[in-house]
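> Sequence:
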Amino acid sequence: MTRALRELGEDKLLARVFPRLNRNARVVIGAGDDCAVVKFHGAKDWLLLKTDCVVEEVHFARETSARAVGWKAMMRALSDFAAMSGIPEFALITL
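Counted the way the numbering used here counts, the sequence shown spans residues 8 to 102.
Check the hints yourself; a few may be wrong.
[What the hints assert, rightly or not] Beta-carbon label-pair distances, calculated as ranges: (1) R69 with L99: 16 to 26 Å; (2) K51 with D18: 28 to 38 Å; (3) T71 with R30: 31 to 41 Å; (4) E96 with A11: 15 to 25 Å; (5) A11 with G39: 21 to 31 Å; (6) R27 with A68: 16 to 26 Å; (7) R13 with I94: 29 to 39 Å; (8) G37 with P95: 35 to 45 Å; (9) A50 with A75: 14 to 24 Å; (10) L15 with A50: 29 to 39 Å.
No wet-lab data here; the hints were simulated from the structure. Using N, Cα and C, we set each Cβ at its ideal position, and we do this for glycine too.
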């Protein structure tokens, strides 16, 4: 029987996906924390990676302004960088 993603839920889906992710020696902290942390050969600094989707009628109402939605999307990611003591330099936002 095929279950809808909504029935499974985000937490259960992630619990199924995370163990199947490829492991790599350059991954300092993988998926599941605030940010993933990777190191590059020869680099002195680590790179923090984060994506966090915001969904209409889940994270914001349909009538919310584009500016407010963008702000919320950015702040969700930036708060995770702050939790990891990261310094954000670039951004990719998933809407």
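> With reference to the structure, classify each hint as holding or not holding.
Taking the hints in turn, this is what the structure says about them:
no. : hint                     : result
1   : R69 with L99: 16 to 26 Å : holds (24 Å)
2   : K51 with D18: 28 to 38 Å : holds (36 Å)
3   : T71 with R30: 31 to 41 Å : holds (39 Å)
4   : E96 with A11: 15 to 25 Å : violated (38 Å)
5   : A11 with G39: 21 to 31 Å : holds (23 Å)
6   : R27 with A68: 16 to 26 Å : violated (35 Å)
7   : R13 with I94: 29 to 39 Å : holds (37 Å)
8   : G37 with P95: 35 to 45 Å : violated (20 Å)
9   : A50 with A75: 14 to 24 Å : violated (36 Å)
10  : L15 with A50: 29 to 39 Å : holds (38 Å)
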